Amino acid sequence: MTMSDHVAIASEFHPVDPLDARDPHAALADLRERCPVARLHREGLPDVVLVSRHDDALGVLRDYKHFGNMGFFPSLQAYRGTAPADRSLIELDPPLHTEARRLNLVAMKPAAVTDAFASIAARAAQLVDSLRSTCRAELVADFAVPLPADAIATVLGLPRADAPMIHEWVEATFSEPPQGTEHVASAMDPITRQRGFDEYLLSQVRERREAANPPDDAIARMTAHRRDDGSEYSDAELVIHIRTLLMAGNETTTSLLSNALFRMLSVPGAYDRLRSDPALVVPFLEECLRFDTPLFQMPRRCREAAGVGGVGIDVDEVLVVSFPSANRDADKWGDTADTFDIERFVGREPDHLAFGLGVHHCVGAYLARETARVAMEAIIPTLPNLRLADGYEYDKVWFFEFRRPKRLDVIWDNEG
Amino acid sequence: MATRVIIDRGMCMGAGECVHLLPAVFAFDDGNRAVVRSVDLDLFDVEALAEASSWCPNFAITVERDEG
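As they're listed, the protein sequences go chains A and B. Here the first sequence is numbered in our numbering, starting from 1 and rising by one per residue. Here the second sequence is numbered in our numbering, starting from 417 and rising by one per residue.
Simulated from the structure, these hints should not be mistaken for lab results. Just so it is clear, the structure is predicted and the values come from calculations on it, not from any experiment.
Pairs of lysine to any residue residues, derived as SDA-like cross-links and limited to a Cα-Cα distance of at most 20 Å, are as follows:
#, chain 1, residue 1, chain 2, residue 2
1, A, LYS65, B, TRP471
2, A, LYS65, A, VAL315
3, A, LYS332, B, PRO439
4, A, LYS65, B, SER469
5, A, LYS65, B, LEU437
6, A, LYS406, A, PRO164
7, A, LYS65, B, ALA466
8, A, LYS332, B, VAL435
9, A, LYS65, B, SER470
10, A, LYS332, B, HIS436
11, A, LYS406, A, THR173
Assemble the whole structure, with the sequences as input and the hints as a guide.
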C-alpha cells in the first residue's frame, strides 16, 4: 500500500464529523480492511491519522514514549509551552503523569469507590422508585443522566444537591449543531467556558483546606495528598484534576447506561434473560461496552517518529485511536464481531477497548462499571414488563465524542 | 531466595496489563480483577516481575525478593 492510498480513502470519513459518527461501523470496517492506518484530511477539520485495527490500537496506546497524550493541544509546541501544572491527567505523560495519576487515584481507587457504593445503590433505588407509579419515563433524562452525576459527586465528596448543576457544566462542552449547519466540529475546546465551574471547585477545595476539621472525603484527601518530594498540589492544580474527573465521569457512564438500557430492550430475549439470570448483568454490560463503545476515540500526538501497522508516523502528527473500530475488528472478535452476544464475556476477561489501555487506562473504570451494575440491578426487577414505547426510534446524540441515544422512551405495566 | 508478589485489592481495577505481560504469573479472578497464580515465583526473573508491576496503571502490584 502506498502513501497516496492512505490519503485517497481518507476523505470519505472523518472521526470528528458528527454526521460520520452517527453510524460509523461500515466506514470503519472499510478502513480496517483497506487502510487501517489512514491519514485523514477534510477542510475545516484537523488532519489526523486514524488507527482502526485492534492490534494497532493496542500498540499505540501502550507506547506512550512515541505517542504522547497531548493530542488535545494544537501542536507539540503548544503542549511544551503549557506548564505541567496546567495540564490535566489526560494531557500528561510519564513521569509527570505518574504522580498526577496517584493524586487522582486517591479519589478513584476501588477501595475509595467501594466506600461510597451503598449510597450510590440507594440513590439508584430511589430514582427507580420515584418513577414506578408513572408507568412511563424517558430513561436518559430520568435515570441515566442523574445517577452517574450523583455517583461521581458522591465519590468526590461534593454535595449531591450540586450534581445536576455539575452535569449541566459538563453537558455544555458538547455542542448541538447551529441551525442550518450540517457539519460542525464539536466544541471539545479544553480552555473555554468553565469559569463558573472552576470557581465552584476552587471554593470546594478552599473550604476543605481552611476548615479546622475538614470532612473525610476524597477532595479533602486530595488536598492533603503530597507528591513524592513532599510538596502539595496547589488549589489551581486540584481544580484542574477534579474538573477532569467530573468531565470524564458524567457523560461516559450516562452513555454506558443509556446504551445498556437500549440494548436490553431491543436485543431479542435480552430483557427476559437478564431478569431470570442476574449473574448475566456484568457480562452483558461488558458486551455493551464493546458493541456500543461510549467514547469514540482518544487522540495521541507523535513525539518521536515511529511506525504503526507498517506506516511511518512523523513527529507532531495526531493519531486517533478508534475504540468502536477496535471493538468490532473481526481479527480480534471473530465472525460475530458485529453481533451483540449477551454471553460473550461469560467466563472471558473484559478484553475490549472501551476504557483505553496502558498507563492511561480510564481511572474511573471501576466506578463506571459499578454504577452501571447497580443501575441495572435497581431497574430490572422493579419495573414490570419494561419495554420501548410504541414508535420509539433510536436517535444518536449529536456530538461526535460519545455514542448513546438522545432519548429512551419506555413504558411498563402497572403493578397488580 | 523468597519472592513475593502482592496485589493491593483496594487499588486493582482489572486493567489487565499484568495478565497481558506475564500470564504465567497473573490471572483474572471471577470478578475480573487480577490475582497471583499459585506458582513458584522464585522461578521468574525479578526484572520481568518488576516490569509487570511498573505497567499497572493503578500501582497495585508490589514485588519483593529476598536473595539468599
